[in-house]
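Engineer: If you're matching them up, the sequences are chains C and V in order. Residues 102 to 378 in this note's numbering are what the first sequence spells out, letter by letter. Residues 12 to 289 in this note's numbering are what the second sequence spells out, letter by letter.
Hints may be right or wrong, so weigh each one.
Claimed, not checked - As a list, the in silico DSS-like pairs of lysine-lysine whose alpha-carbon atoms are at most 30 Å apart:
# : chain 1 : residue 1 : chain 2 : residue 2
1 : V       : K234      : C       : K312
2 : V       : K281      : C       : K184
3 : C       : K239      : C       : K219
If you're looking for bench data, these hints aren't it; they were derived computationally from the structure. Because the structure is a prediction, the values reported are computed rather than measured.
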Amino acid sequence: MPLLLVFTTVVILPFLIGIGYSFVKWDGIPANPKVFVGFDNYVALFKDDRFLTSAWHTIAFTVLALVLVNVLGLLFSLLVTSKLRVGNAARTMFFLPNLIGGLILGYIWQFVFTDAFKFLGEKTGLDSIFFNWLIDPKFALFAMVVVFTWQMAGYTMIIYIAGIQGIPDELNEAARVDGANLWHRLTRIVFPLLMPSFTICLFLTLSGAFKIFDVNLSLTKGGPNNATEMFAMNIFNEIFGYGHYGLGQAKAIVFFIIVAAVTLTQVIITKKREVQY
Amino acid sequence: MKTTSRVAGNVLLLLLSLVFLSPIYLMLVNSFKDRAELYRNALALPSSFSFQYYSKAMEKMGFLTAFGNSLYVTIISVVFVVVLASMTAWMLVRTDDRLSRFIFLLFVSTMLIPFQTLMMPLMQVMDWIRTHLHIPMLNTREGLIYMNVGFHASMAVFLYHGFIKSVPVALEEAATLDGCSKFGVFWRIVFPMLKTITITVAILDVIAMWNDYLLPSLTLSDKGLRTIPLSTFYFFGEFTIQWNLAMAGLTLTIIPVVIFYVFAQKYIIKGIAAGAVK
Numbered sequence: 102m103p104l105l106l107v108f109t110t111v112v113i114l115p116f117l118i119g120i121g122y123s124f125v126k127w128d129g130i131p132a133n134p135k136v137f138v139g140f141d142n143y144v145a146l147f148k149d150d151r152f153l154t155s156a157w158h159t160i161a162f163t164v165l166a167l168v169l170v171n172v173l174g175l176l177f178s179l180l181v182t183s184k185l186r187v188g189n190a191a192r193t194m195f196f197l198p199n200l201i202g203g204l205i206l207g208y209i210w211q212f213v214f215t216d217a218f219k220f221l222g223e224k225t226g227l228d229s230i231f232f233n234w235l236i237d238p239k240f241a242l243f244a245m246v247v248v249f250t251w252q253m254a255g256y257t258m259i260i261y262i263a264g265i266q267g268i269p270d271e272l273n274e275a276a277r278v279d280g281a282n283l284w285h286r287l288t289r290i291v292f293p294l295l296m297p298s299f300t301i302c303l304f305l306t307l308s309g310a311f312k313i314f315d316v317n318l319s320l321t322k323g324g325p326n327n328a329t330e331m332f333a334m335n336i337f338n339e340i341f342g343y344g345h346y347g348l349g350q351a352k353a354i355v356f357f358i359i360v361a362a363v364t365l366t367q368v369i370i371t372k373k374r375e376v377q378y
Numbered sequence: 012m013k014t015t016s017r018v019a020g021n022v023l024l025l026l027l028s029l030v031f032l033s034p035i036y037l038m039l040v041n042s043f044k045d046r047a048e049l050y051r052n053a054l055a056l057p058s059s060f061s062f063q064y065y066s067k068a069m070e071k072m073g074f075l076t077a078f079g080n081s082l083y084v085t086i087i088s089v090v091f092v093v094v095l096a097s098m099t100a101w102m103l104v105r106t107d108d109r110l111s112r113f114i115f116l117l118f119v120s121t122m123l124i125p126f127q128t129l130m131m132p133l134m135q136v137m138d139w140i141r142t143h144l145h146i147p148m149l150n151t152r153e154g155l156i157y158m159n160v161g162f163h164a165s166m167a168v169f170l171y172h173g174f175i176k177s178v179p180v181a182l183e184e185a186a187t188l189d190g191c192s193k194f195g196v197f198w199r200i201v202f203p204m205l206k207t208i209t210i211t212v213a214i215l216d217v218i219a220m221w222n223d224y225l226l227p228s229l230t231l232s233d234k235g236l237r238t239i240p241l242s243t244f245y246f247f248g249e250f251t252i253q254w255n256l257a258m259a260g261l262t263l264t265i266i267p268v269v270i271f272y273v274f275a276q277k278y279i280i281k282g283i284a285a286g287a288v289k
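Pulled out of the complex, with its shape left as it was, chain C reads as follows (with noise of 0.2 Å):
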């Protein structure tokens, strides 16, 4: 089986090597030393404010990204699935943003945050709230998760759309017979046997959000002033741009570690909550 050894040399192998990486002091260049320094590099990373600070800063970013995102899908696919005659055409629209790119996502929202949020403040007085959103440490990261939610709330809405239609009509009909308004509706019926979608589209949002790179080197490059440094962002400086290979390293296996443990409770938790019909 070829796919084994491209998979084998891709992942597996850099994986076990990575593991290796992270207990040595290394700066990348293959002429110098590699010096075993034991769990140095994990005592140090954890008394590493800057890192420390872009775990907050992802952690943030990620439960406001999760609610808004998953918001925001669910309320499109229930305007989309609503037999309104524009719902075709909407869902068109809602899922275009998914399909381009992170990294050029980042650049024209770049273009709307800084120079027509500030046209509009100017025209409209309402400065508060249109200025440059990316010099701002707290509204920059709202503007990655603005870029975010754009990104990935046509997504989720699809899977919603999915879920939605895998519901019976009869189920909707005669919960309207018996008098339940629409809340009543959406409350007991649909989002009850909604569970499995929920389930998918956390992980999704969950997973994409803790890993999110692109839209972070494009939209704020971390700054201003490191302010939106995610997780991802902060590895690669790490390793590449200050050249502590090791140290980098032991920061990505840490990185591994919280994603896999958070994606799975996640999934162990709203799995348990999905009910059969």
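Given chain C's structure and the hints, the job is docking chain V onto it.
Structural biologist: Chain V in isolation, oriented as in the chain C frame:
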């Protein structure tokens, strides 16, 4: 009353989706304006449609070369993933022993590993192959294709595996009795039945590979090898302040995506929905 609320609903939904796409509008209108006009009003339609920034951006980005590189890398990678992963998954499903279960588990368990965990050691492995086995893995499009296949293998094997489990064995057994070779059984009987999941795998991988920035940025250093995301990155490094030129460049990169979307929308949406059922 019912019809008015229906009309209102339609109008509102249409408005919502147009507002949602307003960044695309901003990108388009400002790609035609000169600097003064852009700063006078960033939201208005352009006073004239001149394509000068497009031709300039096209030239500065090396757009056609980048487009060709992206196309070459994406298509060949996807074909390899589909061919190899479907065969692998089929063999894993049909030979139900400990080894095949272990291999499948290996594929699945690596799906959670972030790229950042692998990128540095991967470069070391590829560099070792380059210097010791003299296979040019770095700074070649073929090397990038090799790594693309490796990274997308587990997801594809996982999707095919789940699908093949539901395909009945009876047909294959009948074909074997009729003297069909193992290879023939797969390509004539099994593979055609995998059409839906093949579309899913292909769509997901095309989107991911076409838009990937980090892996190509680590492996390709020659200017002539840059893919679209890479050339966009370098283009932006040079021309950030010239927004009209930048917007024309971004529009260029999006045109192929929109064309792909228009022609394959049905498959894309079905494929995404099917791929998510894990």
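Engineer: Taking the hints in turn, state whether each one holds.
Structural biologist: Tested hints:
Between the alpha carbons of K234 (chain V) and K312 (chain C) the distance comes to roughly 28 Å, so the proposed pair stays at or under 30 Å and holds. Restraint check for K281 (chain V) and K184 (chain C): satisfied, since their Cα atoms lie roughly 19 Å apart, inside the 30 Å limit. The suggested pairing of K239 (chain C) with K219 (chain C) holds, with an alpha-carbon distance near 17 Å, which does not exceed 30 Å.
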